[in-house]
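*Asks:* Sequence:
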Amino acid sequence: SRHMRLHTATHLLCALVPHPVNGCSITMDYARLDFHMTEPLDKEALNAGLARLVAEAHPVSHHWISEAELDANPGLVRSMSVQPPRGQGRVRVLEIDGVDLQPCGGTHVANTAEIGRVVVTKIEKKSASTRRVVLGFVD
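Each residue of the sequence shown is one higher than the last, beginning at 1 in this note's numbering.
Simulated from the structure, these hints should not be mistaken for lab results. You can take every hint at face value.
List of simulated lysine-lysine pairs, DSS-like, C-alpha gap at most 30 Å:
| hint | residue 1 | residue 2 |
| --- | --- | --- |
| 1 | K122 | K43 |
| 2 | K43 | K125 |
| 3 | K43 | K126 |
Please model the entire structure based on the sequences and the hints provided.
*Replies:* This is how it looks when you write it as structure tokens:
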């Protein structure tokens with residue numbers, strides 16, 4: 001589905017922008033990520049990176065780790081605002097082979113090639129320390 005494709009694309013964007021995420025929204029038509037950072041972002045470089053990661057057809061998989069493993073690897077959590085759900089003793093982790101690894105309970109495509117052509121449609125400076133990146137499809 002478009003939602004799964006966009007959701008997976010946000011993980012690629014996280015791999016390209018190594019800063020904490022402090023806001024996120026995904027619809028059928030666009031995805032928005034807010035990054036906690038002060039420096040500007042290069043739209044063309046991000047689009048080139050997204051196209052490369054899609055074309056490289058990285059496998060996407062899920063596995064479970066214990067909450068203790070998560071605690072031992074705090075760098076896995078990229079989101080500042082939303083912590084992974086706890087209480088079951090384990091946390092679901094999304095892995096895009098060689099690209100991204102982070103806790104996520106969402107739905108994703110099985111391979112980055114399934115995302116299709118996705119581009120950065122807009123970059124906004126929302127505050128002194130927040131850069132908003134909006135992704136959309138090229139249909």
